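Participant: Please arrange chain B on chain A, whose structure you already have, making use of the hints.
Residue numbers (the numbering used here), protein chains in the order written: chain A, 1 to 331; chain B, 1 to 367.
Among the hints, a few may not be true.
[Unchecked claim] Computed cross-link-like contacts, SDA-like style, restricted to lysine to any residue with a CA-CA straight-line distance of at most 25 Å:
| # | chain 1 | residue 1 | chain 2 | residue 2 |
| --- | --- | --- | --- | --- |
| 1 | B | K300 | B | L51 |
| 2 | B | K241 | A | E291 |
| 3 | B | K300 | A | K313 |
| 4 | B | K67 | B | L35 |
| 5 | A | K313 | B | K14 |
[What the hints assert, rightly or not] Heads up, incomplete: computed chain A residues facing chain B, CB under 7 Å, no partners named:
| # | residue |
| --- | --- |
| 6 | A99 |
| 7 | V103 |
| 8 | A107 |
| 9 | F115 |
| 10 | N117 |
| 11 | F118 |
| 12 | S178 |
| 13 | N182 |
| 14 | I255 |
| 15 | K294 |
| 16 | Y298 |
| 17 | I303 |
| 18 | L305 |
Calculated from the structure, these hints are not laboratory results.
The model shown is predicted, which means the values in this text are computed figures rather than measured ones.
A virtual CB, placed ideally from N, CA and C, is assigned to each residue, including glycine.
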Amino acid sequence: MFDIVSFIPRAVVQGIPLLFGSTGETLTEKSGNLNLGIPGIMYVGGICGVIGAFLYEQSAGSADAMNGFLTIAIPMLASLLGSLLMGLLYCFLTVTLRANQNVTGLAMTTFGVGFGNFFGGSLIKLTGSEVPSIALSATSSAFSRSLPFADNLGWFGAIFLDYGFLAYLAIIIAFVLSFIINKTRVGLNLRAVGENPNTADAAGINVNRYKYIATCVGSMIAGLGGLYYVMDYACGVWSNDAFGDRGWLAIALVIFTVWRPNIGVLASILFGGMYILYLFIPTGTNLCVKELYKMIPYLVTIIVLVAVSIRQKKENQGPAALGLAYFREDR
Amino acid sequence: MNKQNQSPLVHIVKRGALPWYTAWGIRGGAILLALIVCAIVTTVVTGDNPLQVYATMFEGAFGTARKSWTTMQSTAMLLGVSLAVTPAFRMRFWNIGGEGQVLAGGLAAAACMICLADAVPNWLLIILCVVTSIAAGALWAAIPAFFKAKWNTNETLFTLMMNYVAIQLVAFFVIVWEVPKGAGKIGIINQSTELGWLPVIGNQKYLLNILVIAVLTVGMYIYLNYSKHGYEIAVVGESEKTARYVGIKVERVIVRTMLLSGAICGLVGLLLVSGTDHTVTTTISAGRGFTAVMISWLAKFNPLIMVFVSLLIAFLEKGAGEISTQFGLNQSFSDILTGIILFFIIGCEFFITYKLSFRKSEKKEAK
Chain A
1 MFDIVSFIPR AVVQGIPLLF GSTGETLTEK SGNLNLGIPG IMYVGGICGV IGAFLYEQSA
61 GSADAMNGFL TIAIPMLASL LGSLLMGLLY CFLTVTLRAN QNVTGLAMTT FGVGFGNFFG
121 GSLIKLTGSE VPSIALSATS SAFSRSLPFA DNLGWFGAIF LDYGFLAYLA IIIAFVLSFI
181 INKTRVGLNL RAVGENPNTA DAAGINVNRY KYIATCVGSM IAGLGGLYYV MDYACGVWSN
241 DAFGDRGWLA IALVIFTVWR PNIGVLASIL FGGMYILYLF IPTGTNLCVK ELYKMIPYLV
301 TIIVLVAVSI RQKKENQGPA ALGLAYFRED R
Chain B
1 MNKQNQSPLV HIVKRGALPW YTAWGIRGGA ILLALIVCAI VTTVVTGDNP LQVYATMFEG
61 AFGTARKSWT TMQSTAMLLG VSLAVTPAFR MRFWNIGGEG QVLAGGLAAA ACMICLADAV
121 PNWLLIILCV VTSIAAGALW AAIPAFFKAK WNTNETLFTL MMNYVAIQLV AFFVIVWEVP
181 KGAGKIGIIN QSTELGWLPV IGNQKYLLNI LVIAVLTVGM YIYLNYSKHG YEIAVVGESE
241 KTARYVGIKV ERVIVRTMLL SGAICGLVGL LLVSGTDHTV TTTISAGRGF TAVMISWLAK
301 FNPLIMVFVS LLIAFLEKGA GEISTQFGLN QSFSDILTGI ILFFIIGCEF FITYKLSFRK
361 SEKKEAK
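If we strip away everything but chain B, and leave its shape as in the complex, we get:
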């Protein structure tokens, strides 16, 4: 046989744009497949039947009004950080420092609550908390952005390192402010006076956070899709050279977008510290900075779809938590399930961008 005429069995070609419903159909299929695999894994580990697994998970996430609110709160916080990192991702700036920026914001809010509680009236204190935490988050993000813009320093690793600097900074202040001395934690700040606490709306502790994030989601959607800034971000992301050619100041866009990104992270830090936890610890961000990267990417940087992806992740977290509790297993079970789902969704993107064309059989070729 003539070897030169042999073509490979599978040939990979780039697809044209798929209609949106096919693309989301593929993603939906991947999620479904992933949920089935998750159920199988859970069944193997616990011996429960797969349908029961999801019933238990649902119970864990939405079983009672209280559980529903906590799930909503987790969703909102995840969504908040995801929204924050999105504008940066749109211009291909890999901000994986959400963790550190949230901590910086939270730390600033806590600092105001602790140091200024007696010095200024409560309304001013709350305003100061808001302003300083947003500023701190923005500053934390602006440092890597400045170096990226000026010298093209690798932002992925820079922002990653900034996380740990922030964690140690918080650890430092936790010991400075610890109550009582030697406890190793701050405890609830201003527990009796509730100074600097964000107001509670309608007796629901989490409602304010959820509303703020909801407004932010819509705002971010409009900002990214219908504003001049959003357009500039998209152009810089597609091609820096094009952006320069059409007169966009790339350095300015990078720093500006990261300021925004960090500011929103700082705001999430504020919501966590002043809004719900009323304390600050090194784990206050709880890995959200990393999860947010994946949520934002899975949602194709679309704020509205991020709502659903965050809900899915929060549901898994709470649901798997319930399973772990019931069967006396470790809480990290949810990370495994989240990982499986992520792998499936990451993998399915291939089938949206590319098409496999198989070698046609020899007989047809011969005709």
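Here chain A stands alone, though its shape is the one from the complex:
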């Protein structure tokens, strides 16, 4: 039988990193920057959190000596800082130096994934500590602590309440961002920058500032996805390439949600579900079919991409100036 009560929570924990990534990328794309560096940024966000937590756990010595607040704050700040730096680098290259966004993004991904795997694999050697592997169980338990009464509420608790705080943060960020983009002046200005930077500039909006802020904040949100993955989903164990292609899936999700973070909340859980569907479909002895099930999220994205382009509905298109560098003196 298809076990829905255990399926949904697993779909949610798969979906949350995607939600972080796609919310961040949506914000970035609204400013006209197509940041293909998101996969790399999520790696950097994850590994920076790991480095922060690792150093803190090492210096604290034992789990009892650790301050509850610092246990969460240090990895969070390290992760945010790491992804902020990546975002700044992207902005500097594409906004200030007007480099090609696709190439810059791919270079960021190469660098970020390499950065994550390198420090993930060499952190122990570089810091000269004497532990066999990076297993941040103390930090992880702080991150994945769920509400105390969640277990007493049966299926309701399991489906809605049994997650770490970052999961709820992801959902809150998505709704807040959706509100800001659609209902406030700042959001209107941001959309103007993404749709037509010339007009926005003429209206007195500081195009570069909007691009910088949107992209950097977007990167930081995406970086939290990496942090959530390591600390909550993977129980504080970093293994190289384990994060896999989730970053690309997050970019796919942006299109799937037609650039709306609030749809992203449900869509990311749907994607998370499709990502692990193969574990829940009984295939008997025929293992190879499972590989085909893993194709579903990508195929669905392609179908949405094509459908959106065929229907040509104005409100479902991406920002018009997406992927183009802005230079005031260009016509």
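Facilitator: For chain B alone, kept in the frame of chain A given last:
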């Protein structure tokens, strides 16, 4: 002071065309700067002195004849995929699906080797491998091209998704064909009979691949610069409206160019599967589809310059690999170095296209 007369400290102006030697001088300077930064980073991580770092890297890439051949092979394969994506880029079609197209080609070649090995003579088998892998690569590229031409579907994201569809397709067939059952991999195909393997020239396993890619490089250079097709691609890239106005069928050019792009990727897949690896895995393309995008762009879409850029990237990969091995570090170190170099080269393009003019001092203005 009168505020209205104040001009900003730095003013950015577009340059006219720079002479080619100045432009390449700037790029060369950027690479040099990047290599220095790489050396510093390596020194910080390993504690080795910077000159020694490059000696070690050189040792790793060209230390022995065997190492030189592997570096050449990496260069050739990178160059192959870069050549493949270039015509598409020239018409501003962002094909980042090289990965998937290589896999599609490789999968087709492997399928022929496995399923037809006993049915047809070896010479026919090799021809079938070549034809099907090229066709598979072309088909994989033509799907997004068709939608781009017909409905202007975003090709960057479409080709990206096609990569993962291809990866899962390969994963599926790996399990279908796995030897022995449950191993999760195919192993060397036709190991005893060597059916469907491309011939080895002069006892060098990689020589054939390198020669094929060399011919392809020259061919691509001529195609892009001296053929009618190449001209049409350039016009479509510069302005689609102009192209339409002068009677170029833009849709046809898009599909045709992507067929070519995919076909070359398929060929690279064939060289990898039938030529050297004799097996197929999901990682056979090893990120080359993405690296190729950057190589092609860094070389300004010029096939001849791509030779050097691919060599540089392959050298870094092998060299950093050697450093990682010597110091017991993770192999991903090369990705970090590659990233640094890429950032520098990407950044330096700005100084080729634009010029910074600083505000002249107040006194001079007053005169």
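Participant: The structure should be examined with respect to each hint, and the outcome stated for every one.
Facilitator: Against the structure, the hints:
no.	hint	in the structure
1	K300/B / L51/B	violated (30 Å)
2	K241/B / E291/A	violated (43 Å)
3	K300/B / K313/A	violated (36 Å)
4	K67/B / L35/B	holds (22 Å)
5	K313/A / K14/B	violated (37 Å)
6	A99	holds (5 Å)
7	V103	holds (5 Å)
8	A107	holds (4 Å)
9	F115	holds (6 Å)
10	N117	holds (4 Å)
11	F118	holds (4 Å)
12	S178	violated (21 Å)
13	N182	violated (22 Å)
14	I255	holds (6 Å)
15	K294	holds (5 Å)
16	Y298	holds (4 Å)
17	I303	violated (10 Å)
18	L305	holds (6 Å)
The structure shown violates the earlier hints numbered 1, 2, 3, 5, 12, 13, 17.
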